[in-house]
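Chemist: Sequence:
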Amino acid sequence: MRSLLLLALSAFSLLPLSAQSRIAIENVTLIDGTDHAPRHGTTVVVEGATIIAITSSHKRQPQGTKIIDGTGKFLIPGLWNNDLHGPAFDQAKAPLLSLVSYGITTVRDMGAPLDDIVRLRTATASGALIGPRLFIAGPLLEGPVSIQMSLIVALFDEKQARDEVRTLKQRGVDYVEVDTSLTPELYGAIADEARTQGLPLVGHIPAEISAGSIVQANQKNVEHLGGRFLNVLISCSSDEESFNMETKRTYNELLTAMKEKRQASEPQFKAEFDDRLLSTFSEDKAQRLYRLYAAHGIAQTPTLYVLNTLWASNKDGDKLNDRDLESGKRIFAKDLEVVGEMKKAGVPILAGTDGPYPQGGEALHRELELLVQAGLTPLQALQSATRDAAQFMGVSKSMGTIEHGKIADLVLLDANPLENIANTRHINAVFLRGTLFTGDELSSMRSH
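Taken in order, the sequence shown gives residues 1 to 448; the numbers are from the numbering used here.
Hints were generated in silico from the structure; no laboratory data involved. Just so you know, not all the hints are guaranteed correct.
Said to hold, decoys possible - When the alpha-carbon atoms are kept at most 20 Å apart in a straight line, the in silico SDA-like pairs for lysine to any residue are as follows:
#, residue 1, residue 2
1, K66, L442
2, K334, R162
3, K334, S279
4, K261, F273
5, K329, F273
6, K285, E341
7, K169, V118
8, K270, V306
9, K334, V372
To be verified - The following label-pair restraints were derived from C-beta to C-beta distances:
#, residue 1, residue 2, range
10, K285, N218, 34 to 40 Å
11, T55, H296, 38 to 44 Å
12, T196, G394, 34 to 40 Å
13, D163, D275, 42 to 48 Å
14, G297, T256, 36 to 42 Å
15, Q91, V395, 48 to 54 Å
16, T55, K285, 50 to 56 Å
Computed from a predicted model, the values in this text were never measured in an experiment. Heads up, the beta-carbon is just placed ideally off N, CA and C, and yes, glycines get one too.
Build the full structure now, drawing on both the sequences and the hints.
Modeler: Structure below.
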């Protein structure tokens with residue numbers, strides 16, 4: 001039976017998606033993604049790819065409507081993973097199915113080979129492949145590094161930087177992503193050209209750029225609290241200038257090591273650096289930074305799932321000892337505190353996990369748990385993967401919440417996520433643009 005299901009899914013993934021004509025989820029508890037309280041005993045009606053009605057459950061449905069009994073279940077908007085990196089086109093089918101099985105109906109792709117990710121966006125939009133809706137950046141824009149990867153474009157002068165932004169605009173990307181290795185000159189050229197081309201600037205904070213100065217560049221989003229150079233924490237230090245000088249030296253040493261094909265030590269993973277960073281953390285500077293980000297709507301995608309493993313993943317290359325690893329745990333505890341304080345200050349928080357598509361399903365549910373650990377309420381964590389993500393991308397009129405007339409991206413849960421955010425894992429059914437996936441289908445998609 002299982003092999004037949006897999007075969008059916010393989011065949012289905014080659015055909016356009018077709019939503020069932022009319023489906024009613026009756027007597028469900030609706031958690032619509034807004035700030036409204038949960039609505040018990042609700043019926044949500046889907047026709048084609050659209051939510052056409054939200055009513056009380058005593059209303060009789062027309063003949064031919066497929067009825068789903070939502071008693072004891074909870075309906076939430078389809079989830080967004082706001083930081084993933086797409087695969088090659090011919091390796092994408094199974095990871096896309098897996099993402100949907102975890103309730104992910106939209107992905108904000110933050111760096112992938114340009115030709116592949118453009119094809120994937122077209123294929124998922126048309127239904128040629130079953131998969132989440134994709135918003136894309138194309139490749140990450142890097143500085144003068146010697147790494148050869150289709151995931152990045154290395155830039156060596158300002159003309160090349162501007163030309164690359166124009167190319168990305170022509171290929172139809174949704175935003176431009178900057179990475180940590182950009183020089184201030186290259187970063188400035190990219191920011192200026194992105195503004196000219198009408199493309200949002202998002203991503204990491206380059207090593208030589210302070211977390212506060214991205215406002216002048218009109219950068220709209222920060223990933224990983226700045227990246228591996230700990231930009232956000234450094235900008236909250238009373239010894240910021242000294243740390244910035246050290247970061248610049250580290251960055252230049254990394255570039256040299258890349259050219260010479262050798263390993264370079266990164267002091268930000270060492271206890272001496274981290275303990276000093278924590279001891280000089282200024283609550284006053286931090287609050288000023290949070291207010292600045294909130295005032296300019298600069299969203300944070302902290303990717304706590306990745307930050308939690310950053311020291312362990314660098315253990316061998318940087319020869320980290322137990323003291324270094326313990327200091328890394330304290331840095332992560334401070335990261336959690338910073339994310340919680342940012343949310344209190346009004347900074348938009350987006351749930352994302354970094355990494356490849358195959359890991360993005362389970363990882364997102366863990367990210368939501370970590371956001372709650374950081375101080376967000378379960379509803380706020382849920383909104384970081386639904387409403388707030390759609391608002392950030394400017395598509396909240398059609399998605400991100402469960403409201404009349406919006407796209408039917410929905411997840412039916414067997415347990416209440418507002419009581420325990422881990423209950424987002426208890427998925428009973430998924431609607432992807434109105435197409436329903438349940439039970440054995442979801443299991444097969446997850447293991448496909």
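Chemist: Check each numbered hint from earlier against the structure, then list the numbers of those it violates in ascending order.
Modeler: 2, 4, 10, 12 and 15
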